[in-house]
Every structure is written in C-alpha cells, then in structure tokens.
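So the protein lines, in turn, are chains A and B.
Just so you know, the first sequence maps onto residues 1 to 256 in our numbering.
Just so you know, the second sequence maps onto residues 1 to 480 in our numbering.
FYI, nobody ran anything at the bench for these hints, they're computed from the structure.
Some clues are possibly wrong.
Stated by the list, open to error - From the structure, some residues in chain A lie toward chain B, with a derived Cβ separation under 7 Å:
hint: 1; residue: Val-40
hint: 2; residue: Ser-43
hint: 3; residue: Arg-66
hint: 4; residue: Leu-68
hint: 5; residue: Asp-98
hint: 6; residue: Tyr-102
hint: 7; residue: Pro-173
hint: 8; residue: Asp-189
hint: 9; residue: Gly-223
Said to hold, decoys possible - Negatives, chain A to chain B, calculated, CB over 10 Å:
hint: 10; residue: Gly-206
hint: 11; residue: Arg-227
hint: 12; residue: Thr-245
To be verified - Derived DMTMM-like pairs: lysine to aspartate or glutamate, alpha-carbon spacing no greater than 25 Å straight-line:
hint: 13; chain 1: A; residue 1: Lys-29; chain 2: B; residue 2: Asp-470
hint: 14; chain 1: B; residue 1: Lys-397; chain 2: A; residue 2: Asp-98
hint: 15; chain 1: A; residue 1: Lys-168; chain 2: A; residue 2: Asp-200
hint: 16; chain 1: B; residue 1: Lys-416; chain 2: A; residue 2: Glu-72
This one's a predicted model, so the numbers in the text were calculated from it and none came from an experiment.
Positions of the beta carbon are idealized from the N, C-alpha and C atoms, including for glycine.
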Amino acid sequence: MTDARPNVALFVTCLVDLFRPAVGFAAAKLLEDAGCTVTVPRSQTCCGQPAYNSGDRADAAAIVRRTLPALEPFDHVVAPSGSCAAMLRLHWPALVADEPDYADRAAAVAARTWELTAFLTDVCGLDSVDAAYDGVAAYHDSCSGLRELGVREQPRRLLRGIAGLTVKDLGAPEECCGFGGLFAVKYPDISGRMVSDKADDIEASGADTLLAGDLGCLMNMAGRLKRRGSAIRVRHVAEVLAGATGAAPPIGEGES
Amino acid sequence: MSADAPTSHRFPENARAALADETLQRSLASAKVGFRVRRSEAAARLPEFEILRDEARDIKNHVLAHLDLYLEAFETRVTERGGHVHWARDAAEARGAVLAICRAAGARTVTKGKSMISEEIGLNAFLEENGIEPVETDLGEYIIQLRHEAPSHIIAPAFHVPKAEVAATFRKHHTALDPARLLEQPRQLLEEARGVLRDRFLAADVGITGANFLIAETGATVIVTNEGNGDLTQTLPRVHIVVASLEKVVPTLEDASTILRVLARSATGQEFTSYTTFSTGPRRGEDLDGPHEFHVVLLDNGRSDLVGTELQDVLRCIRCGACMNHCPVFGVIGGHAYGWVYPGPIGAVLSPSLIGVEEAHHLPSASTFCGRCESVCPMRIPLPALMRHLREREFEKKIPPATQRWGLRIWAFLAKRPRLYRLATAVPLRLLGRLGRRSGRFRSLPMAGGWTSQRDLPAPQGPSFQSLWDRAGGRREKPV
Numbered sequence: 001m002t003d004a005r006p007n008v009a010l011f012v013t014c015l016v017d018l019f020r021p022a023v024g025f026a027a028a029k030l031l032e033d034a035g036c037t038v039t040v041p042r043s044q045t046c047c048g049q050p051a052y053n054s055g056d057r058a059d060a061a062a063i064v065r066r067t068l069p070a071l072e073p074f075d076h077v078v079a080p081s082g083s084c085a086a087m088l089r090l091h092w093p094a095l096v097a098d099e100p101d102y103a104d105r106a107a108a109v110a111a112r113t114w115e116l117t118a119f120l121t122d123v124c125g126l127d128s129v130d131a132a133y134d135g136v137a138a139y140h141d142s143c144s145g146l147r148e149l150g151v152r153e154q155p156r157r158l159l160r161g162i163a164g165l166t167v168k169d170l171g172a173p174e175e176c177c178g179f180g181g182l183f184a185v186k187y188p189d190i191s192g193r194m195v196s197d198k199a200d201d202i203e204a205s206g207a208d209t210l211l212a213g214d215l216g217c218l219m220n221m222a223g224r225l226k227r228r229g230s231a232i233r234v235r236h237v238a239e240v241l242a243g244a245t246g247a248a249p250p251i252g253e254g255e256s
Numbered sequence: 001m002s003a004d005a006p007t008s009h010r011f012p013e014n015a016r017a018a019l020a021d022e023t024l025q026r027s028l029a030s031a032k033v034g035f036r037v038r039r040s041e042a043a044a045r046l047p048e049f050e051i052l053r054d055e056a057r058d059i060k061n062h063v064l065a066h067l068d069l070y071l072e073a074f075e076t077r078v079t080e081r082g083g084h085v086h087w088a089r090d091a092a093e094a095r096g097a098v099l100a101i102c103r104a105a106g107a108r109t110v111t112k113g114k115s116m117i118s119e120e121i122g123l124n125a126f127l128e129e130n131g132i133e134p135v136e137t138d139l140g141e142y143i144i145q146l147r148h149e150a151p152s153h154i155i156a157p158a159f160h161v162p163k164a165e166v167a168a169t170f171r172k173h174h175t176a177l178d179p180a181r182l183l184e185q186p187r188q189l190l191e192e193a194r195g196v197l198r199d200r201f202l203a204a205d206v207g208i209t210g211a212n213f214l215i216a217e218t219g220a221t222v223i224v225t226n227e228g229n230g231d232l233t234q235t236l237p238r239v240h241i242v243v244a245s246l247e248k249v250v251p252t253l254e255d256a257s258t259i260l261r262v263l264a265r266s267a268t269g270q271e272f273t274s275y276t277t278f279s280t281g282p283r284r285g286e287d288l289d290g291p292h293e294f295h296v297v298l299l300d301n302g303r304s305d306l307v308g309t310e311l312q313d314v315l316r317c318i319r320c321g322a323c324m325n326h327c328p329v330f331g332v333i334g335g336h337a338y339g340w341v342y343p344g345p346i347g348a349v350l351s352p353s354l355i356g357v358e359e360a361h362h363l364p365s366a367s368t369f370c371g372r373c374e375s376v377c378p379m380r381i382p383l384p385a386l387m388r389h390l391r392e393r394e395f396e397k398k399i400p401p402a403t404q405r406w407g408l409r410i411w412a413f414l415a416k417r418p419r420l421y422r423l424a425t426a427v428p429l430r431l432l433g434r435l436g437r438r439s440g441r442f443r444s445l446p447m448a449g450g451w452t453s454q455r456d457l458p459a460p461q462g463p464s465f466q467s468l469w470d471r472a473g474g475r476r477e478k479p480v
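Please model the complete structure; the sequences and the hints are all you need to start from.
Structure below.
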C-alpha cells in the first residue's frame with residue numbers, strides 16, 4: 001500500500017516474548033506513535049546470544065541464517081534491548097562473514113537495526129513522548145547498549161519529557177549488574193555479589209523506580225531487589241515511555 | 001598459590017572463598033574506586049588520549065607483523081653494546097639461563113625489581129631451591145614475598161594486604177628492630193622497608209628486573225617504577241639481568257615514548273611514573289656506575305604461537321592493569337581467585353594460552369562481556385571478543401559440563417525452529433504464569449537453582465508476546 005511510513009520489524013527478543021509481552025506492546029505503541037508501521041515477523045525466536053556467548057558458533061550462525069530472511073523486507077529492525085540489537089548490529093555480520101550467501105545480507109540488516117530508544121530519537125527524531133509517571137527513577141545503563149551501541153542519552157532525553165517523573169543516575173552508572181546471560185547461572189556467587197552491589201547503589205539513590213532498556217538486566221536486578229524485600233518498582237523503559245504501566249505489574253511483582 | 005601450581009581449574013571455589021573474605025572485600029572496594037577515578041581524570045586531562053591509544057595500538061600491530069625482524073635488531077644492538085641476549089623458549093629455559101648467569105657470577109643473593117615474567121616462570125622458588133636468595137625490592141612485592149603469597153594484581157601486587165597486616169608482617173620478620181616502634185602510617189612502613197632493603201641492595205651480587213619495553217633501535221630496556229627500587233636493583237650489583245617476554249619489543253625510542261604516554265595514565269592515572277629508566281648495556285669505560293655485565297633473557301613461553309592467530313591482539317598488552325581495575329568480576333573477587341599469575345580480563349585471555357584451556361577454562365567464561373575492559377584498554381585489545389574465541393575452543397573440546405552442552409543444544413534446536421519453539425514454550429509459560437501470578441516471582445524453581453540461589457525469578461506474564469500479538473490482530477509478515 002501507499003504511505004511513506006517506515007516499515008519496522010519489531011525484533012521482540014526472546015525474554016520479552018516469553019516473560020514480559022507488555023514490553024513488546026509498549027515498544028509497538030511507541031513505534032506506531034512515532035509514525036512507523038510495525039510488523040512482528042513470525043520467524044523470530046532469539047538473537048542467538050546464548051549460543052554465541054557459549055562458544056557454540058555453529059548454532060549461532062544457523063540462527064542468523066534462519067532469522068535473517070524474516071527481517072530483510074523491512075526498512076528498519078528495532079529491538080527493545082541494547083544487548084540483542086548489538087548482537088544483530090555487530091555480531092551477526094561477523095558470524096556469517098565467510099558465507100557468500102549471507103555476509104552482505106547480514107551487513108545490510110545490521111546497518112538498519114536499532115535499539116528502541118536510539119531509534120526513536122536518532123532515526124525518528126523524537127524529543128519527547130506523551131506520557132506521565134509519578135515517581136523518581138534510577139536509570140541503569142545496560143552494558144551492551146552503553147558500550148557497543150553508545151546508548152546513553154537517548155532514553156534519558158525521552159524520559160525527561162514524562163510528566164511527574166524525575167530521573168537519577170546511579171552512583172556507579174557504568175558498573176555491570178552481573179547478569180551477563182548464562183553467566184548469572186554459571187557463576188551464581190559472583191553474579192550475586194555484583195547484583196547485590198548494584199541493588200545497594202539503586203537503593204542509595206533514593207529512587208522508587210528502576211528503569212533500564214534490557215529485560216535480562218532488569219530481571220536480575222528486580223529479582224535481587226525483591227529477594228531483599230525492596231519496594232522499588234522495576235520496569236522496562238518502554239513501558240513508562242508508552243504510558244503503558246497499567247498493562248502489567250512491575251517486574252517481579254504480583255497482581256494484588 | 002605459586003606460579004608452578006595454577007589453581008585456575010578451581011576458580012569457582014577460589015571465587016567463593018574470596019567473596020567470603022571480608023578483609024579482601026574492603027581492600028577491593030577502596031582500590032577499584034581510586035584506580036578508576038584516577039585513570040578517568042588522567043585520560044580527560046589529555047585531549048589527544050584517544051588518538052594516542054590508536055597510535056599505540058598501531059605500533060604494536062606493526063611490531064607483531066615484523067616480530068622476528070625487531071627482535072633480531074634488538075639482539076644485535078644489545079650485543080654491540082657489550083650485553084648478552086639469551087633466548088628462552090619456555091619457563092624452564094628462562095630459569096636455567098638466569099641460574100647460569102647467577103652461578104657464573106658466584107651470586108648468593110639477588111635483588112629483584114618488580115617483574116611479572118619472573119612470576120610467570122616461578123623464578124624465586126627456583127633460585128631458592130638452588131641456594132640463591134632472591135630479595136624483592138618493590139614494596140608490594142617485598143610484602144608478599146615475606147608473606148609467601150602471590151601477587152593479586154599486576155601493578156599493585158599487595159593491594160589485598162591491609163596496612164595493619166603489613167605492620168604485623170614487618171614485626172614478625174624485622175626482628176632486629178625495636179619492638180616498640182610505631183608502624184601505623186604508610187610512611188612508617190615505607191621507611192622501615194627502605195631501611196631494611198638498603199643493606200640488601202648493597203649486598204646483592206646480581207640485580208634482576210623486568211622490562212616494560214625493549215627498544216630495537218638502541219638495544220635499551222626500559223622499566224617504569226614509582227619507588228626507585230628498580231634503579232638500585234640494576235645499578236648497584238655487578239650483574240644486571242633483564243627478564244622480558246619477546247612481545248615487549250618496540251622499534252624506536254619515539255614508539256616507546258608514545259606508548260609511555262598511555263601507560264601510566266591507564267595504570268595509576270599518573271602522567272608518568274616517578275622513574276622511567278633506560279638500560280643500555282653494561283657500564284662503559286667512562287661510566288661512574290652501572291653493572292659490569294648486562295643480560296637480557298627473552299622469554300617466548302607460547303607467545304610466538306599466538307602470532308597470526310585470532311588471539312594475536314593479546315600480545316599488544318603493556319600490563320597497565322586497567323582492565324582488571326575496571327572489571328566488575330575482578331572487582332568482587334580480586335586477583336588470587338584466578339589461580340595463576342595474570343588475573344582479570346587480560347589473565348582470562350592470556351592464561352589459557354600459557355597454561356592450557358583445560359586448566360584455565362573458567363577464566364574466559366567468567367565474564368559478563370560488559371566490555372568495560374576493552375573500553376579502557378590503552379592498546380585497544382578486544383578482550384571480550386578474545387574471551388569469546390576461547391569459549392569457542394572450549395566448546396569444540398567439549399570442556400563445559402555435559403548438562404550445559406545438552407541444555408544449549410536443546411535450546412538451539414528449538415531456536416532454529418520457530419514453530420516448534422512456540423509449541424514447546426507455550427505450556428510451561430502458561431503454567432509458570434499461572435503459578436507466579438499472585439506473587440509475581442519465584443523464590444525457587446526446579447532446575448533454576450543457579451538463578452534462584454541469588455535472586456528471585458520474576459514470573460512470566462503467561463502467554464508469549466507472539467501469541468498475544470496474534471490474538472490482538474497485530475501485523476505479521478508482508479509489508480507493502
């Protein structure tokens with residue numbers, strides 16, 4: 001059909017798909033509000049990081065080959081995760097670099113792949129969104145988004161316009177939360193200390209809400225905060241930006 | 001722990017012990033903040049810092065592409081100036097070369113400047129076995145030598161030892177001194193070590209130092225220190241032995257200067273260390289001081305095998321320690337847990353190459369790939385990518401436990417088959433969603449003990465996004 005709206009494939013990520021659909025719907029709403037036509041390609045499961053980061057290169061490459069065609073028809077691919085977006089953007093081309101049938105195609109998709117908040121600001125030119133949230137939020141910069149994609153200002157810029165919300169930085173904003181995918185279960189003691197230190201930092205900030213752009217990190221931090229009985233509400237940044245906090249209770253909290 | 005007996009295969013147990021060690025935890029907490037702040041301030045003060053990092057990287061890449069050429073040039077220059085170069089393929093050959101020189105010099109005691117290569121080849125224990133007493137003269141190294149410990153950091157070997165324990169160690173060993181003396185201030189500890197070491201410097205027959213650089217155009221070796229002990233180690237005894245690994249060579253003085261500008265800033269946040277000492281051969285006729293003999297023991301120990309491989313970039317390392325200072329894992333477990341000489345991200349890449357993937361397989365796996373090491377490495381070594389490469393080697397060798405490998409295989413089987421994936425996940429998701437609806441999380445769950453031992457598992461909402469998207473009539477394939 002006919003409009004000049006960019007066609008965006010929502011790469012929903014396996015964690016959002018399985019654990020928190022609310023984030024997927026929030027991302028879709030944000031993209032539509034920004035003037036995009038959003039499609040969810042059916043043939044997506046995961047970006048392949050569990051295999052790739054475990055040294056299973058063959059399976060990771062197979063997932064790239066399997067998923068790539070589903071993303072190719074779109075103007076952009078957007079993921080509500082810095083980690084998964086970085087996987088598509090930086091690591092997919094490397095994984096199939098030696099395969100003539102896929103190398104250029106992976107590079108082309110990589111060049112059109114974005115982390116959600118970076119896409120909204122840097123590509124759609126958004127400066128603010130129309131939403132309200134009553135609270136003081138600490139923002140956690142997830143490592144992949146921060147260091148692999150340079151996502152730092154984008155979510156803060158969008159959050160600045162949210163009515164009723166104050167955003168704070170953490171004391172050690174560049175410190176990893178200790179998630180690291182399978183690291184969290186392979187080295188639980190080390191991961192536990194890291195997330196405990198992070199939880200201390202979050203609590204010391206005086207925030208009543210924790211926001212971040214990656215569900216893995218959020219589940220790790222929410223899990224630790226809830227384990228120690230913290231009342232801090234944990235949400236994906238997309239939920240707040242989309243004004244969609246009514247769709248699901250905060251991460252790790254029940255329907256009471 | 002000693003250099004000869006790595007305990008890297010016991011990394012999880014080592015880490016658990018480190019996490020439970022409250023003294024260590026206090027040292028770690030204060031050390032990491034200081035190192036990070038100082039490095040970041042030093043980098044910010046130098047506008048061309050990022051450009052210098054590129055130049056430093058390029059210099060070392062050039063060297064690694066012509067390593068044989070520069071090493072031969074270095075050897076030629078050293079020899080021309082009356083020094084001797086001893087090529088050592090492995091640790092045993094390097095130890096043997098050092099011992100032969102010491103024996104020929106009739107040495108009974110040797111003083112030592114700080115050298116990680118000396119740790120790598122287990123030199124101290126070897127010299128002791130052969131009746132030669134090594135005396136560490138770097139304050140940190142001296143402290144851990146007295147305590148029979150290994151360094152826990154490549155530039156701050158004793159940072160894990162609190163002041164009070166240093167004082168206790170000194171009281172135990174310096175028995176000739178007044179027991180009533182005060183040892184509360186760092187200054188007092190420093191003065192005492194300096195006094196005790198003064199006599200050792202004068203008595204030593206041989207001085208052994210490492211090298212931060214070997215300069216091909218002049219045959220000079222360079223050390224950077226903050227205590228001046230290195231200078232006394234190498235100028236007072238009759239014989240000076242430099243032990244260095246072969247990738248330390250750089251073409252020119254100019255190149256060394258470029259790398260020096262990023263080295264101290266990345267390490268301690270200093271512009272330059274207090275001393276940057278160039279040693280070029282033995283004393284010449286007109287010299288007032290300096291050693292009569294000058295030897296360089298050049299260690300390979302597996303490094304040349306890395307040239308031309310996916311791991312070559314690790315040979316750019318200049319041992320500044322920035323990667324470990326910024327590593328969140330090192331930051332909570334310290335250096336000893338890594339179980340061998342080189343801790344932190346650089347150790348995670350280097351150790352498997354030097355002591356084997358089987359011994360050191362945990363090290364590259366115990367990273368979240370947060371990428372902070374790479375972001376501060378002055379030589380721009382892509383440490384996470386190198387760790388990932390090592391994980392691939394481990395996976396090929398089937399080193400990870402069978403349960404992990406099978407879990408991964410089943411997951412990958414499904415992840416490659418979207419329809420099956422959705423079928424297989426639908427029922428467990430709904431079940432977990434229902435079970436977790438009230439509290440929103442699980443305190444424990446079968447087969448999720450690794451997760452729930454440390455934190456609750458947030459419950460899934462229930463149906464997957466994909467199924468809800470279908471139900472809501474969301475757009476699927478076929479854009480127009």
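Against the structure, the hints come out as follows:
no., hint, in the structure
1, Val-40, "5 Å, holds"
2, Ser-43, "5 Å, holds"
3, Arg-66, "5 Å, holds"
4, Leu-68, "12 Å, violated"
5, Asp-98, "13 Å, violated"
6, Tyr-102, "15 Å, violated"
7, Pro-173, "12 Å, violated"
8, Asp-189, "5 Å, holds"
9, Gly-223, "3 Å, holds"
10, Gly-206, "20 Å, holds"
11, Arg-227, "5 Å, violated"
12, Thr-245, "14 Å, holds"
13, A:Lys-29 / B:Asp-470, "15 Å, holds"
14, B:Lys-397 / A:Asp-98, "23 Å, holds"
15, A:Lys-168 / A:Asp-200, "15 Å, holds"
16, B:Lys-416 / A:Glu-72, "17 Å, holds"
Hints 4, 5, 6, 7, 11 from the list above are not met by this structure, while the remaining hints are.
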